[in-house]
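**Q** Each chain, written out:
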Amino acid sequence: MIAVVDYGMGNLASVAKALRFLGARPQVTSRPGDIARSQAVVFPGVGAFGEAMGELRRRGLVAPLLEAIGSGKPFLGLCLGLQLLFEASDESPGVKGLAVFRGRVRRLPSRPGLKIPHMGWNRLEKSGIRNPLLRDIPEGAFVYFVHSYYADPQEKKVVIAKTRHGLPFPSAVGDGGKLWATQFHPEKSQVWGLKLLKNFLKEVSS
Amino acid sequence: MRDAGDPVAAGRRYEREGADELVFLDITASAHARRTRVRLAREVAQVLFIPFTVGGGIGSLEEIRQLLAQGCDKISVNTAAVKTPGLITQAARRFGSQCVVVAIDAKRGARGWEVYTRGGRTPTGQDAVKWAREAADRGAGEILLTSMDTDGTKAGYDLALTRAVAEAVPIPVIASGGAGSLRHLYEGLTKGKADAVLAASIFHYRRYTIPQAKRYLKKRGVPVRL
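So the sequence lines, in the order shown, correspond to chains A and B.
Residues -8 to 197 (the working numbering) make up the first sequence, in order.
Residues 152 to 377 (the working numbering) make up the second sequence, in order.
Worth flagging that the hints you see were computed from the coordinates, not collected in a lab.
Where is the CB? At the ideal position from N, CA and C, for every residue including glycine.
Some clues are possibly wrong.
What the hints assert, rightly or not - Below, simulated DSSO-like cross-link-like pairs (lysine-lysine); rule was C-alpha separation at most 30 Å, straight line:
1) A:K189 to B:K258
2) A:K193 to A:K117
3) A:K8 to B:K365
Said to hold, decoys possible - Taking beta-carbon pairs under 10 Å as the criterion, some of the chain A residues facing chain B (in silico):
4) G1
5) S5
6) A9
7) F12
8) S83
9) R97
10) S101
11) P103
12) G111
13) K117
14) S118
15) I120
16) N122
17) F133
18) Y135
Stated by the list, open to error - Computed far set for chain B versus chain A, every beta-carbon distance over 10 Å:
19) G156
20) D157
21) K234
22) C250
23) K258
24) R262
25) D300
26) I322
27) I361
28) R366
29) G372
30) R376
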């Protein structure tokens, strides 16, 4: 079973639907026990960093998530789910993130002609580090973004793909093991998004 | 999409052809239409893997919540937002700006453009550019801008209106109303400074396919997903 973590932030239906479409058995859940006994965890989310951390704490999900990541089981953060893996965010000063990756989430630069939120299709530039999550996804593949903040990791080696919007920012990160996260929405990114989720599911079954 | 025979089938076809997003607009706003809309959102969400927006007569936070829960990515508000601008603020706060599209129907007047509501039937006396700015300030994530003057004419978007709004707001603007040729799409994105262009009839009646449109734009230097 793949746990799709529900903490009241955003639309989980489309993530679960995409996983089901690919033949997986996702369970949308906010129960710590489900996360503990799942084979893999998908951690989506849309909304504000501080509010999300508040919801995770209120539902007692911080420890189960950290345990799942620590156990080495496949874990995929999506959008806000990527940002929450970092230490803190300009969006909610003073709120501590899950701090699995070192670094901070910053606001995309705003200047005339550059629209914020960064909303729409944009290209992936793969970092050259081979990664099973991005296997067979071509350089320059278009994926779908909706965000105003981006992660600024301290260790550049966690960046497995970047994208440009005003500046180059990490659009996918990985810890070198089975922890990954994307700033874009694979469940809304048609062919290459589904390919990425399929790659993730392959890691779950291997 | 307007008047698409079977919206689910049409949605699938457009996704396969390479549409980047889909917008489902129903013009009427009866209770019957509301139920239909929720069902439509559910059915479409089952088969699409690109973002889609549902709009037309949405009037309350509860309706927005229901549609998002069915798997719709964005909702578009128009008349209700003009009547109660606080709806934009509340929806953005509760569900996030990314899912709040404010649709503006505008008609050229003596000075500038006037906002119309109720499917373009009711003049409001409000200036469209000012209203777009207020919508953005209140947390709208996108403006879906339709010119009542060019809608249905196939003579091209109202480029002056599109540019005026696109330059006035820091959020993406989608041009709508009047696309009759591929050149019109190109002009909307360049002269009109729109971030995206919406076209209905040229695709519904298969005058052009989406790949044709994208190849045309790409050849002219517009970055597109092909």
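**Q** Are the hints correct? Go through all of them and say.
**A** Hints, verified against the model:
At most 30 Å may separate the alpha-carbon atoms for a hinted pair to count; K189 of chain A and K258 of chain B exceed this at roughly 47 Å. Straight-line distance between C-alpha atoms of K193 of chain A and K117 of chain A comes to about 20 Å, which keeps the hinted pair within the 30 Å bound. A hinted pair counts as satisfied when its Cα atoms are at most 30 Å apart, and K8 of chain A with K365 of chain B qualifies at roughly 28 Å. Taking 10 Å as the C-beta cut-off, the interface hint given for G1 of chain A holds, the closest approach to chain B being about 7 Å.
Taking 10 Å as the C-beta cut-off, the interface hint given for S5 of chain A holds, the closest approach to chain B being about 5 Å. Proximity of A9 of chain A to chain B holds as hinted, the smallest CB-CB distance being about 6 Å (cut-off 10 Å). Contact between F12 of chain A and chain B, as hinted, is supported at the beta carbon level, the nearest pair being about 8 Å apart and thus within 10 Å. Restraint check, S83 of chain A versus chain B: the minimum CB separation of about 14 Å is more than 10 Å; hint violated.
Taking 10 Å as the C-beta contact cut-off toward chain B, the hint placing R97 of chain A at the interface is violated, the least distance being around 18 Å. Given hint, S101 of chain A at the interface with chain B, holds; its Cβ is 7 Å from that chain's nearest Cβ, closer than 10 Å. The restraint placing P103 of chain A at the interface with chain B holds, with a minimum CB-CB distance near 9 Å, inside the 10 Å limit. Interface hint at G111 of chain A: satisfied, since its Cβ lies 7 Å from the closest Cβ of chain B, which is below the 10 Å cut-off.
Interface restraint check: K117 of chain A against chain B, minimum CB-CB distance 17 Å, threshold 10 Å, status violated. Using the Cβ-Cβ criterion of 10 Å, the hint placing S118 of chain A at the interface with chain B is not satisfied: the shortest such distance is roughly 21 Å. For I120 of chain A, the suggested interface contact is broken, since its CB lies about 25 Å from the closest CB of chain B, more than 10 Å. A cut of 10 Å between beta carbons decides the hint on N122 of chain A: the least distance to chain B is about 22 Å, and the hint is violated.
With a cut of 10 Å, the hint placing F133 of chain A at the interface with chain B holds, because the nearest CB-to-CB distance is about 4 Å. Contact between Y135 of chain A and chain B, as hinted, is supported at the beta carbon level, the nearest pair being about 6 Å apart and thus within 10 Å. No beta-carbon of chain A comes within 10 Å of the beta-carbon of G156 of chain B; the shortest separation is about 23 Å. Distance to chain A confirms D157 of chain B as a non-interface residue, since its nearest Cβ pair spans about 20 Å, more than 10 Å.
The non-interface label for K234 of chain B is consistent with chain A: the shortest C-beta to C-beta separation is roughly 26 Å, beyond 10 Å. Not every C-beta of chain A lies more than 10 Å from that of C250 of chain B, the closest at about 8 Å, which undercuts listing it as non-interface. Annotated as non-interface, K258 of chain B keeps its C-beta farther than 10 Å from every C-beta of chain A; the closest such distance is 26 Å. Its beta-carbon lying about 25 Å from the closest one in chain A, R262 of chain B satisfies the requirement of being farther than 10 Å from that chain.
A cut-off of 10 Å between C-beta atoms confirms that D300 of chain B is not in contact with chain A; the least separation is 26 Å. Distance check for I322 of chain B against chain A: the nearest CB is about 6 Å away, which does not clear 10 Å, and the non-interface claim fails. Annotated as non-interface, I361 of chain B keeps its C-beta farther than 10 Å from every C-beta of chain A; the closest such distance is 12 Å. Here R366 of chain B stays apart from chain A, with its beta-carbon at least about 15 Å from theirs, past the 10 Å limit.
Taking the minimum C-beta to C-beta distance to chain A, about 16 Å, the non-interface status of G372 of chain B holds against the 10 Å cut. For R376 of chain B, the requirement that its beta carbon stay farther than 10 Å from each beta carbon of chain A is not met, with the minimum near 4 Å.
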